[in-house]
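Use the sequences and the hints to build the structure in full.
Number of protein chains: 2
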Amino acid sequence: MEDKLMLMIPGPTPVPEQALLALAKAPIGHRSGDFSKVMADVTEKLKWLHQTQNDVLILTSSGTGAMEAGIINFLSKGDRVLVGDNGKFGERWGDVCDAYGINAERIKAEWGKPLDPEAFRAKLEADTNKEIKAVIITHSETSTGVANDLETINRHVKAHGQALIIVDAVTSLGAMNVPIDAWGLDVVASGSQKGYMIPPGLGFVAVGPKAWEAYKTANLPRYYLDLGKARKDAAKNSTPFTTSVNMVMALQVTLRMMQTEGLENIFARHLRHRNATRAAVKAMGLTLFADDAAASASITAVIPPEGLDAEKIRATIKKHFDIVMAGGQDHLSGKAFRIGHLGFVNDRDILSAIAALEATVQMLGYEASIPGAGTKAAIQVLHQG
Amino acid sequence: MEDKLMLMIPGPTPVPEQALLALAKAPIGHRSGDFSKVMADVTEKLKWLHQTQNDVLILTSSGTGAMEAGIINFLSKGDRVLVGDNGKFGERWGDVCDAYGINAERIKAEWGKPLDPEAFRAKLEADTNKEIKAVIITHSETSTGVANDLETINRHVKAHGQALIIVDAVTSLGAMNVPIDAWGLDVVASGSQKGYMIPPGLGFVAVGPKAWEAYKTANLPRYYLDLGKARKDAAKNSTPFTTSVNMVMALQVTLRMMQTEGLENIFARHLRHRNATRAAVKAMGLTLFADDAAASASITAVIPPEGLDAEKIRATIKKHFDIVMAGGQDHLSGKAFRIGHLGFVNDRDILSAIAALEATVQMLGYEASIPGAGTKAAIQVLHQG
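These protein sequence lines map, in sequence, to chains L and S. When we follow this note's numbering, the leftmost residue of the first sequence carries the number 23, and every step to the right adds one. When we follow this note's numbering, the leftmost residue of the second sequence carries the number 23, and every step to the right adds one.
If you're looking for bench data, these hints aren't it; they were derived computationally from the structure. It cannot be assumed that every hint is accurate.
Identical copies look the same in the list; a pair holds intra-copy or inter-copy alike.
Said to hold, decoys possible - Capping the alpha-carbon separation at 20 Å, the derived lysine-lysine pairs in PhoX-like fashion look like this:
hint: 1; residue 1: K251; residue 2: K110
hint: 2; residue 1: K254; residue 2: K110
hint: 3; residue 1: K47; residue 2: K26
hint: 4; residue 1: K152; residue 2: K180
hint: 5; residue 1: K232; residue 2: K251
hint: 6; residue 1: K26; residue 2: K59
hint: 7; residue 1: K340; residue 2: K59
hint: 8; residue 1: K59; residue 2: K341
hint: 9; residue 1: K69; residue 2: K258
hint: 10; residue 1: K340; residue 2: K47
hint: 11; residue 1: K110; residue 2: K130
hint: 12; residue 1: K232; residue 2: K69
hint: 13; residue 1: K254; residue 2: K232
hint: 14; residue 1: K59; residue 2: K258
hint: 15; residue 1: K47; residue 2: K59
hint: 16; residue 1: K304; residue 2: K357
Okay, structure coming up:
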């Protein structure tokens with residue numbers, strides 16, 4: 023049905039009506055006093071969301087642009103870094119390092135498995151010359167639905183004492199707990215079309231004092247993505263280059279909504295939706311790609327049983343129920359599908375998605391589960407809270 | 023009055039209601055078939071607007087991001103380039119070159135004066151070893167309202183035979199004639215909040231075959247701004263990184279409007295508005311910063327007479343008439359103001375702005391001109407067409 027699409031992908035995520043209406047307001051000047059006030063308010067709220075007193079800078083870019091900025095502003099050519107690589111995005115940050123001549127040592131885990139914090143501990147402990155300049159970690163790996171154990175890996179980085187921790191929080195910020203100041207996370211990057219509940223178009227980078235210290239000597243070339251420039255203008259409630267005014271206005275609306283809901287409630291909601299989705303998938307006899315212990319609160323990757331094609335499931339649920347789920351990426355293409363439960367998603371959305379998924383696999387001839395079993399499992403989890 | 027602001031600045035420019043409504047539509051997936059169709063349509067229309075069969079790539083960035091991409095994808099460290107520098111933006115492209123270790127030789131002109139094509143001819147002719155890899159030109163210098171003679175400078179670049187021409191068309195594309203294929207412009211960058219009539223948030227780079235040839239050996243580091251990646255995905259009607267879906271939907275609307283109006287009419291409208299604005303400013307006894315022969319069709323910088331403060335004029339016209347004009351940049355701050363007549367601007371807007379400007383200077387005690395003289399001059403130009 024036209025205009026009735028429901029996004030259950032890990033971004034773009036659904037956007038609340040009041041944010042859409044803010045997008046539709048005539049733009050104002052990005053150098054105006056009125057807009058400075060919006061920037062001041064948004065920046066305060068971003069700090070609240072990031073649980074930090076550090077700078078939180080706004081870029082007109084995707085999450086990848088934000089993460090590249092988070093890497094290239096604090097490192098120099100030839101610097102040794104450790105990059106966690108257990109999915110498409112971890113792989114990408116290694117590629118960014120390669121592009122800039124950063125010496126990236128990948129610490130890999132199979133797709134669907136979490137990074138092993140011990141592997142980081144071993145490398146960091148062995149680095150008595152303090153050659154490792156940074157550890158780059160994807161918190162929630164969007165391609166697999168795996169949450170890496172950022173807290174433990176970060177503890178090993180802190181024990182090292184010198185290395186920065188640079189975090190891809192693109193699908194965790196605003197969904198999972200990322201307590202920047204409590205954990206001492208140096209650089210945290212994210213993107214607007216995820217937990218922020220607005221369309222794609224803005225990137226965010228939180229930068230702490232230790233990273234700014236590294237900035238002083240970091241020598242990789244940059245201009246548009248130069249966070250020093252962004253910081254200088256942020257101090258004047260502005261941006262060095264024209265920011266996406268309408269997007270910032272929409273962001274002001276969703277940040278206000280997030281403050282009303284409260285961080286604890288936001289995180290609890292995402293966990294509840296994750297747990298309900300996973301219980302339902304199990305009850306239906308489908309396979310969860312990530313283990314319970316390492317499951318992202320934002321996204322669940324599912325492997326259909328033998329004989330059921332992931333792309334067919336996606337096409338059918340879209341055709342009959344106007345629900346968009348994400349496909350598998352790279353070598354998971356056609357083999358897995360991914361359910362996004364991230365951002366502006368309520369309990370009703372989870373039940374809708376699960377019930378429609380049950381209907382869809384029935385339509386495709388899957389008879390190993392009793393229709394309603396998935397929904398029942400989801401209801402039980404939601405009921406427990 | 024609330025919600026009654028009229029933007030007469032060189033970006034953000036006014037956005038048509040139908041584009042605002044497109045912005046307010048719930049986003050769709052950036053990897054969906056539906057969005058690919060939008061991308062295909064938008065790309066075709068962008069080629070029409072750019073008068074080219076070359077690639078026209080969409081970045082989620084400001085115009086500066088697009089221009090940086092246009093520079094760093096086709097050059098290597100130590101390359102010698104000529105950079106036209108007669109305003110804030112020309113200066114910026116020199117700074118971008120410096121940031122990447124490109125050997126940028128500035129060809130300067132005073133702010134308010136156009137670049138001298140002869141200076142380029144002399145340098146290019148003297149370069150018998152063909153060391154000059156590119157010539158970087160700002161077509162319409164937003165900070166001064168000067169239009170540089172791109173056509174003539176480009177002719178000298180073509181006579182050189184080797185150097186690329188890289189053009190900042192941020193405030194000229196969609197307002198002034200930039201016939202990419204007819205002139206053989208290798209790289210042309212622009213931004214969404216200008217002639218495109220949508221808010222800030224997207225950048226565009228048109229890239230021709232000679233630039234792609236240079237891309238093969240260009241070795242400056244880049245990832246997010248890598249146009250080779252953008253080209254590869256553009257061939258599949260997609261983007262390497264999540265694009266600003268809602269902005270692209272709005273762009274589709276305004277490109278359709280531009281096609282309905284027609285390129286000739288768009289250019290004629292901007293020229294008419296420039297001429298009317300300039301005639302009015304002269305009739306009021308204020309000083310035009312740029313000469314008639316080098317006046318941008320998009321923006322007119324004005325120097326108020328002795329005793330009238332540019333910032334006071336801006337504050338007053340905003341307070342009493344809800345019209346936003348731009349201030350002077352850098353050393354022109356407080357000394358000049360700038361009237362944007364770019365994008366979604368009709369004849370009525372020009373008359374409104376001029377009449378309000380007349381009322382404003384009267385309020386501020388300027389008695390050297392007869393109230394209505396500026397409006398009369400503008401009406402005469404508009405009447406002549």
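Verification of the supplied hints:
| no. | hint | in the structure |
| --- | --- | --- |
| 1 | K251 with K110 | between (30 Å within a copy, 16 Å between copies) |
| 2 | K254 with K110 | between (33 Å within a copy, 18 Å between copies) |
| 3 | K47 with K26 | between (23 Å within a copy, 11 Å between copies) |
| 4 | K152 with K180 | within (12 Å within a copy, 53 Å between copies) |
| 5 | K232 with K251 | within (17 Å within a copy, 33 Å between copies) |
| 6 | K26 with K59 | between (36 Å within a copy, 18 Å between copies) |
| 7 | K340 with K59 | between (42 Å within a copy, 17 Å between copies) |
| 8 | K59 with K341 | between (44 Å within a copy, 17 Å between copies) |
| 9 | K69 with K258 | within (16 Å within a copy, 38 Å between copies) |
| 10 | K340 with K47 | between (31 Å within a copy, 19 Å between copies) |
| 11 | K110 with K130 | within (12 Å within a copy, 46 Å between copies) |
| 12 | K232 with K69 | within (17 Å within a copy, 46 Å between copies) |
| 13 | K254 with K232 | within (17 Å within a copy, 38 Å between copies) |
| 14 | K59 with K258 | within (10 Å within a copy, 41 Å between copies) |
| 15 | K47 with K59 | within (17 Å within a copy, 26 Å between copies) |
| 16 | K304 with K357 | within (17 Å within a copy, 70 Å between copies) |
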